[in-house]
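Following the hints, complete the assembly by docking chain B onto the known chain A.
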Amino acid sequence: GAGVSQTPSNKVTEKGKYVELRCDPISGHTALYWYRQSLGQGPEFLIYFQGTGAADDSGLPNDRFFAVRPEGSVSTLKIQRTERGDSAVYLCASSLTAGRLDTQYFGPGTRLTVL
Amino acid sequence: AQKITQTQPGMFVQEKEAVTLDCTYDTSDQSYGLFWYKQPSSGEMIFLIYQGSYDEQNATEGRYSLNFQKARKSANLVISASQLGDSAMYFCAMRDLFKETSGSRLTFGEGTQLTVNP
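If you're matching them up, the sequences are chains A and B in order.
In this text, residue positions in the first sequence follow this note's numbering: the first is 1, and each later residue adds one.
In this text, residue positions in the second sequence follow this note's numbering: the first is 1, and each later residue adds one.
Just so you know, these hints were derived from the structure itself, not from any lab.
Keep in mind that this is a model prediction, so the values were computed, not measured.
Once the Cα atoms are required to be at most 20 Å apart in a straight line, the calculated SDA-like pairs of lysine to any residue come out as:
1. A/K11 to B/E44
2. B/K3 to A/E44
3. B/K3 to A/G59
Quick look at which bits of chain B chain A covers, simulated, 3 or more residues with Cβ under 8 Å:
4. 36–49
5. 108–117
Derived DEER-like restraints, expressed as beta-carbon distance ranges:
6. A/T97 to B/T60: 23 to 29 Å
7. B/P40 to A/G53: 30 to 36 Å
8. A/E71 to B/R72: 44 to 50 Å
Backbone N, C-alpha and C define an ideal beta-carbon position, used for all residues, glycine too.
The shape of chain A in the complex, shown without the other chains (with noise of 0.2 Å):
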């Protein structure tokens, strides 16, 4: 079946501009994540989703950072008034809960890079 996909796979802005971030689970799976990679580094948590509701966005960096998952399915990552510190690949995973056993599939991931 098809894996989580994440679009777009490149994104370049302008510093100061609004960038939307889109990610779409595997079906049928309830939970999702957001993971931020800067250059030379290991994933870094950002939020977690369950259903429709964010059940632990402790990790978004600052207000400047929001998802949402409206129906429960596809995510979008938001970021408002970009700065060169935002570059990084935006990554997105999905499981079928969020059952402490679930795996974690991964997407692609978004590459961001603010000029």
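Leaving out everything else, chain B in the frame of chain A:
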């Protein structure tokens, strides 16, 4: 707080040989899970293997095995019979298995770049 340490930025191995990638962790949680992911140059994170802190046996999945030493807080990945396609970045990660919300997040190490030579 959880912390994962991978001390090998890069590793080299000859094709068909075995290689061990090191991972140590620090946590105050009583129950936790340890994971290994592979990230090829395409960027996608591929799940390889899982070990629960309560598991008495070391996990194995095909050519991958996890050498889990709880007292030493280490969870090394062993890849047997290396193949050229194993060349990638490898990440060790952990999650708490008890906390209701923050237990769902994965905490990753900085990764080890494995190169398999022909």
